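**Student:** As a plain string of letters, each chain reads:
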Amino acid sequence: EDQVTQSPEALRLQEGESSSLNCSYTVSGLRGLFWYRQDPGKGPEFLFTLYSAGEEKEKERLKATLTKKESFLHITAPKPEDSATYLCAVNRGSTLGRLYFGRGTQLTVWP
Amino acid sequence: ETGVTQSPTHLIKTRGQQVTLRCSSQSGHNTVSWYQQALGQGPQFIFQYYREEENGRGNFPPRFSGLQFPNYSSELNVNALELDDSALYLCASSLKSGGTDTQYFGPGTRLTVL
Chain A
1 EDQVTQSPEA LRLQEGESSS LNCSYTVSGL RGLFWYRQDP GKGPEFLFTL
51 YSAGEEKEKE RLKATLTKKE SFLHITAPKP EDSATYLCAV NRGSTLGRLY
101 FGRGTQLTVW P
Chain B
1 ETGVTQSPTH LIKTRGQQVT LRCSSQSGHN TVSWYQQALG QGPQFIFQYY
51 REEENGRGNF PPRFSGLQFP NYSSELNVNA LELDDSALYL CASSLKSGGT
101 DTQYFGPGTR LTVL
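One line per chain: the protein sequences are A and B, in this order. Every letter in the first sequence is one number past the one before it in this note's numbering, and letter 51, counting from 1, is 51. Every letter in the second sequence is one number past the one before it in this note's numbering, and letter 30, counting from 1, is 30.
What you were told as hints is all true, and nothing was included just to trick you.
Just a few of them, taken from the derived set where beta-carbon distance is under 7 Å, the chain B residues facing chain A:
1) Thr-31
2) Ser-33
3) Gln-41
4) Gly-42
5) Pro-43
6) Phe-45
7) Gln-48
8) Gly-56
9) Thr-100
10) Thr-102
11) Phe-105
12) Gly-106
13) Gly-108
Once the Cα atoms are required to be at most 20 Å apart in a straight line, the calculated EDC-like pairs of lysine to aspartate or glutamate come out as:
14) B:Lys-96 x A:Glu-45
15) A:Lys-63 x A:Asp-82
16) A:Lys-42 x B:Asp-85
17) A:Lys-57 x B:Asp-101
18) A:Lys-59 x B:Asp-101
19) B:Lys-96 x A:Glu-55
20) A:Lys-59 x A:Glu-17
It is worth saying that the hints were derived from the structure and are not from the lab. Since this is a predicted model, take the numbers as computed values, not measurements. For each residue, glycine too, the CB sits at the ideal point set by N, CA and C.
Just chain B, same shape as in the assembly (with noise of 0.2 Å):
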């Protein structure tokens, strides 16, 4: 169990519509990253928050934004969907512990965009 939790599992959306995913961390965890995984790839970073500020952006273009707030709960809002944007969307939260970094990750969010 990592403690972070993401909503919905999944939905269906179509061409140009917006969509907004939540994730939530345990307490303390200040960092969430969101990923989006495409079938058969690996996890590419889209951005990064740090105390509700964005600290990092990974090749994605800025209809992709994102929140975090006090309470370790943050989204992921994709704006003007495109066919592309199908896939496994992944938020994790980061923690150092006893000197390892750990990167926990949530169940994600399967998108279909038709």
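Chain A with its partners taken away, still in its complex shape (with noise of 0.2 Å):
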């Protein structure tokens, strides 16, 4: 069964105080993995894909990159403004729609 595991689930840092969340996978023929950033009571807003061990994308302050059977992503410096709930997604088969979701870390900057 496809399974996506996010830890930890709730995170605390102090502005400017580096990290990473983690992404684990178990899923057969991964088309590509999807990362959102939500904010309370939002839909999901679009970060980043990867689609093959090796890969790193960045944005701003967040770093997304994959292996095998996981998936970082760092923050650098992190402001206030990048408290929210960071979800993890994965998509298999040939069909690009369906995407199996973990249950998020939430994150929160303190200034």
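If you follow the hints, you should be able to join the two separate chains into one complex; please do so.
**Tutor:** Here it is as structure tokens:
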């Protein structure tokens, strides 16, 4: 059965304190791994898609990496506005659409 | 701005009632997916439509049904509402651009069942 596990469930960082979020997955035929940011009561906001082990993508203070079993979202020198829930999801097979999500990591960055 | 809109923003229903949620995506986005997100959980896949045909379904009962229209809008219908149907309902449209798959989500509809 396809599974996506995110850790930690919650993370509190002081502004400027870098850290990483983990997403481990078991899925056959991985087509892509997605990272989203979600603010309370809103829809997920797309961040990255990763396709193969060794791939890395960056956006501002965020950097996503992928191995054969897990992905990391590195946050460098976070700011309070980075506070949100970060969701990881996987897509398999030939169709873009059905995503299997983890439960997310709730990140709080305090000044 | 994702170009995906949903209506209504929130609504309240009672057990046993029926509800229709609506989604509109950008021109050319042929695939729309619907998800249910309970509080504190990740989104759960309900079903997907491609060119007006259902193209995959998650572990949801038949009282969850959908439609997709030629104008890139879609509907999620839920019959015989239960208390556990209270959740944020999200629609997402899929796009492949420049070799990258992207799934854009709308803002969601918050459904409360009393």
